[in-house]
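**Student:** Given next are the chains, with one letter for each unit.
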Amino acid sequence: MSVFEGLRFRNISSPIHRIDPRAKFIYVCILFAIAVLFSQLIPLLILFFSQIPLVIMAKVKREWLRLMRGTMFFAALIFITNMISLYFYGGYPSLLSIIERSVAMTLRFIILVESFSIFFATTSPDMLSLSLEQMGVPYEFCFAFITAIRFVPVLAEEAQSIMDAQKARGLELERGNFIKRIRNYIPILIPLIVSAIRRSMELAEAMESRAWGASKKRTNLYTLKMGVKDYLFISISIIILVLSLYVCFFVYIPSLAELIRFG
Amino acid sequence: MAILETRNLTYTYPFAENPAIKDINLTIEKGEFVIITGPSGCGKTTLCRCFNGLIPHFYGGNLEGDVIVAGLNTREHPIYELAKHVGLVFQNPENQLFALTVEKDVAFGLENLGLPREEIHRRVDWALRVTGIYDLKDRAPFELSGGQQQRVAIASVLAMQPEIIVLDEPTSFLDPLSAKSILESIYQLNRELGITVILVEHRLDLAVRYANRVIIMDQGRIILDNSPREVFLDARVKLIGVGLPKVVRLYLLLREDNVDLGRTPLSPEELSDLIVGVLKSDKS
Ligand SMILES: Nc1ncnc2c1ncn2[C@@H]1O[C@H](COP(=O)(O)OP(=O)(O)OP(=O)(O)O)[C@@H](O)[C@H]1O
Ligand SMILES: [Mg+2]
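Note that the protein sequences, when read in sequence, are chains A and B. Numbering that gives the first Met the number 0 puts the first sequence at residues 0 to 262. Numbering that gives the first Met the number 0 puts the second sequence at residues 0 to 283.
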C-alpha cells in the first residue's frame with residue numbers, strides 16, 4: 000500500500016502543481032531518457048539529487064519519503080540480481096566496480112519511480128484527464144480513467160468491510176497451503192464483484208439521467224492553456240537533455256572508484 | 000395542463016415473468032409535491048425509471064401504454080432529451096457522483112448538453128447556492144457526508160433546470176437530521192421555484208407535511224391516491240403495511256376513543272395545536 004501512497008495525488012497547491020501536466024510529462028520523459036542514457040554512478044547520483052529541490056518545492060516530501068521506503072524491496076532485488084549477473088558474466092576487473100555498477104542500475108530504477116511519483120503527486124487526475132482530452136483522446140476513455148480513480152478508494156473500503164464480515168462469520172484467510180489460501184479469498188471476491196457490477200449499473204443509470212451522450216460536441220468546464228512558465232519549464236528540460244547528451248558523448252565520466260583512487 | 004401523465008402503463012423487465020408495474024394511470028400537475036410510498040418491491044423505483052425514459056431506453060423489457068412528460072412521449076425521445084425536463088435523484092448518493100470535485104459533478108450534465116462555458120458556470124453556481132453547498136465547490140464528493148453528497152446530487156440535476164425532480168428514497172442513507180434538512184430544501188425548491196416534486200419516501204413522518212398528494216402502491220399497482228389528510232384514513236393503508244406517520248396514528252387512536260381533532264394532523268406541531276384546541280373547547 001505504501002508504494003501507491005506515493006503515487007496518490009494530494010490536493011495542495013505549489014509552483015509544481017500549477018505547471019501544465021503536458022509540460023510536466025515532457026519533463027518526466029526527458030528524465031527517463033537521461034536516466035537510461037547513463038549507466039555510470041556519478042551522473043545518476045547527480046540526477047537523483049537534483050530531483051530533491053523539486054520534491055521540496057512541490058511540498059510532497061512525506062509522500063516521496065514513503066515511496067522511497069516502498070521501493071526499497073524492489074531496489075534490493077535489482078541490486079542483488081545485478082551483482083550476481085555482473086559477477087558471473089560481466090567481466091569487470093574488481094568487486095568494487097561491480098558494486099558501483101549495480102548501485103548505478105538500482106539508482107536508475109529509483110530515479111524512474113521518483114520522477115513518476117513527482118508527476119502523479121502533483122497532477123490532479125482531473126487535469127490529467129483534461130490534458131489527455133485536449134491531446135485528442137476520446138472523452139469516454141478519460142471518463143473511464145477518472146471513474147476508476149474515483150472508485151478505487153471506495154472499492155478498497157468495501158473489500159475491507161467484506162473481509163471483516165466474512166472473518167466475523169469464521170472465515171480464516173491465513174490458513175492452509177498456498178492453493179488453499181487463494182481459495183480462501185473466493186468468499187471475498189464474489190461479493191466484491193457482484194457489488195461492483197451493481198455499482199456500475201447504478202452509475203450508468205445516473206450518467207444516462209444526466210444527459211450522457213447528448214451532444215457530439217461536449218463542453219469542458221475548464222480548458223488547459225500553456226503559459227509562459229510552462230514553456231519555460233519545457234525549455235529548461237530540453238536544455239538539460241541537450242547538456243546530458245553532450246556529456247554522454249563527449250565527456251569522459253570517471254567512475255567513483257577511480258575518483259577515490261586518484262583523488 | 001398536466002406536466003406528467005401515464006396512460007395504462009404496464010412494464011415487464013427483460014426475463015421477468017410478471018410485470019413490475021401494472022396499469023398505472025397517473026396525472027401530475029405542474030407545481031405539485033407528490034409522495035409515492037408502499038412496501039418494498041411494489042414498483043416505486045420502476046415507476047421512477049419510467050418517468051425519464053430509463054425504461055424502456057436503458058432497461059429494455061416490455062412497455063405497454065404511454066408516459067408523457069412535458070409533452071414528450073418517453074418512447075419517442077432519448078433519455079438525454081428527457082433529462083432536460085426530468086431530473087432523477089437516486090437512493091445511494093455514492094453511486095451517482097463521479098467527478099473529482101463537486102463543481103465538476105454539478106457541471107457534468109450541462110457539459111454533456113454542450114452548453115457554452117459561461118452558461119455552465121452561471122448555472123452551476125446558482126444550483127450550488129440554491130442547495131446550500133456553494134462552500135463545498137472544490138471538495139471531492141467522496142469526502143463529503145451522506146447528506147452533503149445527496150445535496151450535490153440534487154444540485155447536479157437542478158443545474159439542468161428541469162421542470163420535474165423525481166427523488167427515489169433520497170434520505171434512506173441519511174440520519175434523521177440530515178434527512179429533515181434535505182426534505183426541507185426539496186420543499187423550498189417546490190415552493191419557491193415551482194418545480195414539480197415526485198418523492199419516493201418511506202419516512203412519512205418527516206415528509207408528509209410537505210406533500211399535497213400521497214400515492215400508495217402495492218404489488219405494482221396504485222392503490223390509493225389522495226391528499227395526505229385523507230389518504231391515511233382509508234383502512235386499506237394498514238393492510239398494505241405502510242407505516243403510518245406517528246401523528247396520524249395518534250389521531251386515529253384518539254378518534255377511536257371519541258376524541259375528534261377535526262382534521263388529520265401532518266406534523267407534531269399541528270397535532271399539539273389541535274389537541275390544545277380540543278382541550279380548550281372542552282373546558283368552555
Ligand atoms: N433491474 C431489474 N431487473 C429485473 N427485475 C427488477 C429490476 N429492478 C426491479 N425489479 C423487480 O421489479 C419489482 C419492483 O421493484 P422496484 O425496485 O421497483 O420496487 P421498489 O418499490 O422500488 O422497492 P424498494 O422499496 O425496495 O426500493 C420487484 O419485484 C423487483 O424484483
Ligand atoms: Mg426502490
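Since the hints were derived computationally from the structure, they do not count as laboratory data. Quick caveat: nothing in here was measured; it's all calculated off a predicted structure. Don't take each hint at face value.
To be verified - Estimated spans, in silico, between C-beta atoms of each pair:
#1 THR222(A) - ARG262(B): 40 to 48 Å
#2 GLU118(B) - TYR245(A): 22 to 30 Å
#3 THR222(A) - LEU243(B): 35 to 43 Å
#4 SER39(B) - LEU170(A): 53 to 61 Å
#5 SER266(B) - GLY169(A): 46 to 54 Å
Unchecked claim - According to the in silico footprint, chain A covers these stretches of chain B (three or more CB under 8 Å from chain A):
#6 31-41
#7 108-118
#8 269-278
We put the beta carbon where it would ideally sit given N, CA and C, even for glycine.
**Student:** Quick one: which hint numbers does this structure break? Sort them smallest to largest.
**Tutor:** Hints 1, 2, 3, 4, 6 and 8 are the ones this structure does not satisfy, whereas the remaining hints hold.
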